[in-house]
Amino acid sequence: MMGNLLEHMGIERDRLHFSWISSAEATKFVDVVKEISDKVRALDTDKKLAKDYTK
Amino acid sequence: MENPYVPYPVRIDDIEVATEDKSLKTFTFVFQNPADEEKFAYKAGQFAELSIPGVGEIPIGIASSPVEKGFVKFTVFRTGMVTSHLHNMKKGDIMGIRGPLGNWYPWEKLENKNVVIIGGGFAFTTLRSSIVYMLDPANRSRFKNIDVIYGARSPGMLLYREKLFDWEKRDDINMHITVDSTDDPDWKYHTGFVPQIVEKNAPVADEDTYAIVCGPPIMIKFTQPALTQLGYQDHQVIMSLENKMKCGIGMCGRCNIGKELVCKDGPVFTLEQINQTPKEY
Amino acid sequence: MNFITIDKKDWAGGIDKSRKTYRVFGPVQDENGCQLKPLAPDVYPLMDAGVTVMSPKSVLFPQTEKMLTATLDESSEDHHIMKPVEKDNTPRVVLGIRPYDARAIQMVKLNFDNPDYQDPYWCEAYDATTFVGLGINRPDSCDFSTSAGTGPFSEEGLDVLMADLDDRYLAKILTEKGETWAEACGFDTSADAAESQALFDILRKEAEKNITASVDTDRLSEKSILDLYEAPFWDDVAFSCINCGTCTFVCPTCWCFDIQDETKHKTATRFRNWDTCMSPLFTHHASGHNPRGSKVQRVRQRFMHKLKYFVDKYDQGIMCVGCGRCVASCPVNIDIREVCKTMNNYEKE
Amino acid sequence: MDTCIEKIRTICADLLAKGEVQKVIGFAEGSIPMASRPIAVTSKDDVEKLVFNATCGLNLANYVSEALPKDGKIAVTAKGCDSRNLVTHMVENQVSRDRLYIIGIPCTGMVDKRKIAALFEDEITDFIEEGDTLTIVSPQKKEKVSKTDVLRHNCRMCTHRNPVVFDVMAAEPVEEQSLDQPFADVDQIAAMDPETRWAHFQELTKNCIRCYACRNACPLCYCPTCFVDESSPQWVGKGQDKTDINTFHFLRAFHCAGRCTDCGACVEVCPMGINVRDFTRKLNKDALELFGWEAGLDMEKRPPLDVYSPDDPDDFIK
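Residue numbers (the working numbering), protein chains in the order written: chain A, 1 to 55; chain B, 1 to 281; chain C, 1 to 349; chain D, 1 to 318.
For the record, the hints were derived by calculation from the structure and aren't laboratory data.
A quick note: this is a predicted structure, and the numbers were derived from the prediction, not measured.
Positions of the beta carbon are idealized from the N, C-alpha and C atoms, including for glycine.
Mixed in with the good hints there might be a few duds.
Claimed, not checked - Over the 12 Å line for every Cβ pair with chain D, so calculated as not near, a few chain C residues:
1) 14
2) 16
3) 64
4) 196
5) 246
6) 267
Claimed, not checked - Covered stretches of chain D (chain C as the covering partner; in silico rule of three or more C-beta atoms under 8 Å from a C-beta of chain C):
7) 15-21
8) 43-51
9) 57-66
10) 262-271
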């Protein structure tokens, strides 16, 4: 529902990610983090919820 | 136009752990610009805003004394966001000090008077400043008898222990150091709560005797009747209050007790004044 | 004092001329009613609009204002040294400010410009600002300004007071600042002083007659602070309150603020925000203790400050100009007029 | 609806006289037109102060916990939505059923004060309600409008006008509305492209002054310290930066996910006229579609995000 609301507000769904990773699943953790990083990188820097201090 | 929000840049010159539980540290600051030290001329009882860029500011009583030159000292209890950050800073770090702020103990009024200083726990910082000020050779003759009653939970929780024991040895000040309890068999001072020690050891009041009281609310609550019993009138009991503050210069509006602002009209009030105002502190 | 007439046909042109030297603020309409805002180059003030939802205090005292910055980059020589933020203090003019709002700014001035300290952000903005007021011909039903020590044609705090005479404005120049502004606009048609003053007096009386709401303040100063503080009525006054702080935000005289620090990358910024005595955080000690921890205590603080502490401290009446904004905006209908009456009439048993 | 007030007063006078409750929470007449004020009545002699009309748009469930004495009961007047929030309070252990005497009021909706104000160029000086007919007066004109035409949006969308829990009803139940498109407003936003949606929410919150009236008027918001007020860690900046404002609105709404009864109090109290329901309505729609859930209808069930069920949708977990 959180993802839905973010998307509803116009924020890219791929910026939010949920996973179950046990403390024993180190490789899964690495894979998931990599996947998220790639997806977020593909979306470019967020200009919506990131604060702009230049003003 | 002078900007009262701009802090003087200072360098942390020394950090001392002040109590055995490490919840208090005493910071010694040196001004980056020597000229600022003169602008920061203060009196015992005043406070300042310790200012950490990007973190925030906290109002803290000045623990060093106007007669101690070249540095300023503050003893800080770790409790909120800014104090926690400060406790993690190291010698040599740069930060800011804004002040001096507020009023001070009424030194003119206290001239040629007996002064009884009553403190508890870590509310002893501006009292340290006051004692050092009064004991300074240039000032001692301006006051009559000086009594100090200071208590903490245990010997290791007393602030400025070395100074206390030095004062204990002098004959121009009567020290009554106490702890709530201790299992140290060599403890040679009092044991018991501050109000009880006040009852037994504080001088009986005449019109030339004033008491300065600083401590946790519970200590103040029980010390007041003890002082009344000894003949102290409300105008002879001087207290320093604490409230949440931001600006420190009477503008931001939060620290009021009635129409008085603790940061600007205080923090020092007589009991007589406090009794006329809502007790919102 | 000199008077000028401004034909409404010349009004917009005059404003445009003044834009060369002034930043122009004025009332405009938006989705939420009327607001006082800086005007874009092609926007003109809505002079006959109703009372603005928010007061004009933000012209000098923005809700969020940067105060100081410092670099945290240790390779920089001045790292961790906080310095004031540069401000745009070029002349600005507020058009169509309501006379009671100008009086409110004088009250806020007592706080920010006092014998001990001057707040440079507020004071410098104040010095840069010209206040051109418009007398209120048809006061709202929530307006009780006359009994709060001001009124629909009050001159206090204004540089120019104008009156709307349908096809023209009659303007009374009250200060040098006002004169400079009129010159910048090219408004120079002088009017007969005696005649104009007589007209102002008629309009003022007419407008004051239409104000039906009032507060009684005559006995507030003789009461003791503690009697009022301990009075039994506060629970009832506060019951409906949700502690939202709307009353303090819309109030032209509420000046309290909070100071906050933020850091992004290697830059620290200290800024201030409007704060409100309705919020428990306002007085919450780091230790957890809160001297005004309950809703009743906070509601009492607001009214005691406005209607008693201020009265005693400054001897300039109540800290309220009777604009009625808090009455109109309060979501639970707490009405300062009723509270003031209750306080004024309170007798300790 | 105005006919039920006599019955409410009689019930309350009786309860107070017999000492069955220590106080009654209800509404009193406001001091300005189109206003009402929550009030606690403690004496039977004061029941005349109680009113009920189409301006009583706040949610009284919000006042219950604070008004509850150490022991004994209080009475509260409850519209359909108020009663659903009382249920939520009980389910979330904020108050127990046996401490409350609920006077149910079947409700035909509350008026949208801004909508009415927009019908007039000048200020409204009088507001008279007779059944569905509202007579509204301003210095320039006097107009009769039908209440149905100026209902708040949440009241138009309401399908639970009758209280779901009560000890006594103040009137006969009213007919419930059935809606063809219960979430047309949400669908309308959903149909926009992402950038337009973002722009819509930016425009929506641009006037926010962060008074938190929406939070404080909401019976769901009872956390001792709200996330926006936390200082360590400080989750949200306190200034007027749009990022902080967005964060507040987004998270405030999300904390109501699966709990919101769409009572409209948040919008009612906003001094800046922000329709914050644009956030919560999306969550309500999702709660219904994903969990078949409407808040505050069942005393035995916790809100869906509060409990685990094996058939919860989980395709978002990767």
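Status of the hints after comparison with the structure:
no.: 1; hint: 14; in the structure: holds (27 Å)
no.: 2; hint: 16; in the structure: holds (27 Å)
no.: 3; hint: 64; in the structure: violated (4 Å)
no.: 4; hint: 196; in the structure: holds (28 Å)
no.: 5; hint: 246; in the structure: violated (4 Å)
no.: 6; hint: 267; in the structure: holds (14 Å)
no.: 7; hint: 15-21; in the structure: violated (count 0)
no.: 8; hint: 43-51; in the structure: violated (count 0)
no.: 9; hint: 57-66; in the structure: holds (count 4)
no.: 10; hint: 262-271; in the structure: holds (count 4)
The structure does not agree with the numbered hints 3, 5, 7, 8 stated previously, though it agrees with the rest.
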